[in-house]
Amino acid sequence: MLTEFGKILIFLILGAVFVAGGLVTSWILRPKRPYPEKLSSYECGEEPVGNAWVRFNVRFYVIALVFLIFDVEVVFLFPWALVYRELGLFAFLEMAVFLIILLVGLAYVWVKGDLDWDKPKPEIPMLKRSVNLVQPKEVQEPTPV
Amino acid sequence: MVEQLIANLRGFIPEVSLAVTFCVALVAGLIVKKHQQEFISVLALVGTLIAGVFVLIYADQSQTLFSGMIVADPFATYFKVVITLCSIIIILFSQYSSEVQQTVKRMGEYYALLVAMTLGMFLMVGATNLLMMVLAIELTSLTSYILSGYTKEATDSSEASLKYIIYGALSTGLMLYGISILFGLTGATDMFGVNQALAAGPVNAIALLIASILIIAGFGYKISAVPFHFWTPDVYEGAPVTITAFLSVASKAAGFAVMIRFFKVCFIDSNVVGLPAGMWASLQGFEWNNLVAILAVLTMTLGNLVAVWQDNMKRLLAYSSIAHAGYMLMGVVVLSDKGVAAVLIYFAVYLFMNLGAFYCVMLVANKLGSEHIDSYKGLGHRAPLLSTAMVVFFISLAGLPPTAGFIGKLYLFAALLDAQWVWLAVIGALNSVVSLYYYVRVVRNMFLRDPEGSAEPVALPVAQVVILLALVIPTLVLGLYFGPLVDFANASVVMFGLP
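Going down the list, the protein sequences come from chains A and B. Just so we're aligned, residue 1 is where the first sequence starts under the numbering used here, counting upward by one. Just so we're aligned, residue 1001 is where the second sequence starts under the numbering used here, counting upward by one.
It cannot be assumed that every hint is accurate.
To be verified - Straight-line alpha carbon distances no greater than 27 Å define the calculated DSS-like cross-link-like pairs of lysine-lysine that follow:
hint: 1; chain 1: B; residue 1: Lys1033; chain 2: A; residue 2: Lys112
hint: 2; chain 1: A; residue 1: Lys112; chain 2: B; residue 2: Lys1264
hint: 3; chain 1: B; residue 1: Lys1367; chain 2: A; residue 2: Lys112
hint: 4; chain 1: A; residue 1: Lys112; chain 2: B; residue 2: Lys1105
No lab work stands behind these hints: they were computed from the structure.
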């Protein structure tokens, strides 16, 4: 008799077999006529520009983070709207607190200038450290991606 | 349901006030002008004080909150008091740390994160659900990663932060894996549920052992126990001194609290009766305290032996704090009421002496611009008060009377001998002797060596002297008059839901 985890194992094995089976079958059946355009990586129909392994601007990370916060907020708002009638004032206050906390985050990002894509040159304060002081190198203009 | 939530919030007021303080400090950091940044530290101080007052007001409650996620009980209250005291002292330290004060523009973040870290520790000491426990540990860890890289213009600070994240991510992963195995064995994430499932029938012993080892890896990282200690020296050296001091006391206290609660709640067998008072039996014959005993021996021996070779004061204190984690783990090995009380007493003592030692290092670094042990030569003549205070802290850390450190060790060893762990007590005592060597080495440099280079006196402002005295006096007084502390600790070994 299978345990619950045994069923998951079978599911995993079947999944792997399904993927591998599909690839192998099409490899056997398909005609093989490669040419350079076909072998290049697919970038939504555009001609590929350079390598995919480039360094992305670190600000994408901040944008993704901000997006995630507000995305999650909406996820919480939908179920809240469903039970709002039953819970009444308490639910309202609860969500108000939640939104205020998120707004603090938005205000923070705003004031810190992370919503502007063309961020002015970062100001690096020179810190005097008591030990092992290594002066920061000249700040380089970030290369836009 | 709503009424219940509101009732639960009442036991949660300390945490709520910390969360509010966090938001207020963050916004204040954005609004307040550059030259008024002290205002933020006052805000953080007031918020932490309010949280502390609420902890004391609700000190006698013992209840579970939010459907068994966390509890508020005397055990948690004791640790919350220690953590609150620690963060108040650290906020005061930060006023006089030249490292922190040079980063005026980001002061709001500094204090906000400090408060957030305190909040994470508050949640850690009360967590009774394994997932809540992981979340609380993560909240504490994430804030400490950022804070240890706070002086980001110094390369070693960024290095500290990066190393901390990598080790932290690994050990959290291991811990989560352990928890998932434990969940697979027992079908519960609630610690009481785990206990019931283990009491109901035998489970696979090897799986239980592996799960425990993996979970201990998570705790071991938090309390910097060997072999999970590798981050400690680098992080302690690279982080600003204030944050180092905070990590070495509060973060460690929270780690011990969550570890003790996990073992005690999950593995206590409440069906075995007739044991001596305060003792208890382990479920399924699982002798996890042998694991912890090995950890304790490794931790204190390695900490002490490596500290002997250190020339940087922060690294020396880092290894010394690893060694102290080893001593306190001996109390966890016993885990009788006496053992837990000994750990609690030790933490109250450790709070003052370790923060004091770090404060002295910070003041010296402010004045002399160095943390090297050689720059302490002749300091006894240049700054008599500072050096004398440092001697007191070091004597206390070494565990000699008449200081508080002696009382902490006394209760630990008494608890060990009481539970027949003689060999462990002997190793602990030998380790204390080794530790004496490197503490005395600093003292020798201060008083028996002539100053190199400048020999002019180092003057301290009055406010800094007051803080110094506020740490020296408890270190001495608790060594002579420790009755109330011991009573408080003995009353605080009570955990919610345990006999």
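Hint by hint, here is what the structure shows:
The hinted pair formed by B/Lys1033 and A/Lys112 meets the criterion: a straight-line CA distance of about 14 Å does not exceed 27 Å. Taking the CA atoms of A/Lys112 and B/Lys1264, the gap is near 46 Å; set against the 27 Å cutoff, the hint is violated. Straight-line distance between C-alpha atoms of B/Lys1367 and A/Lys112 comes to about 33 Å, which puts the hinted pair past the 27 Å bound. Note on A/Lys112 and B/Lys1105: the hinted pairing holds, with a Cα-Cα distance of about 11 Å set against a maximum of 27 Å.
Going through the hint list in order, the structure does not satisfy hints 2, 3.
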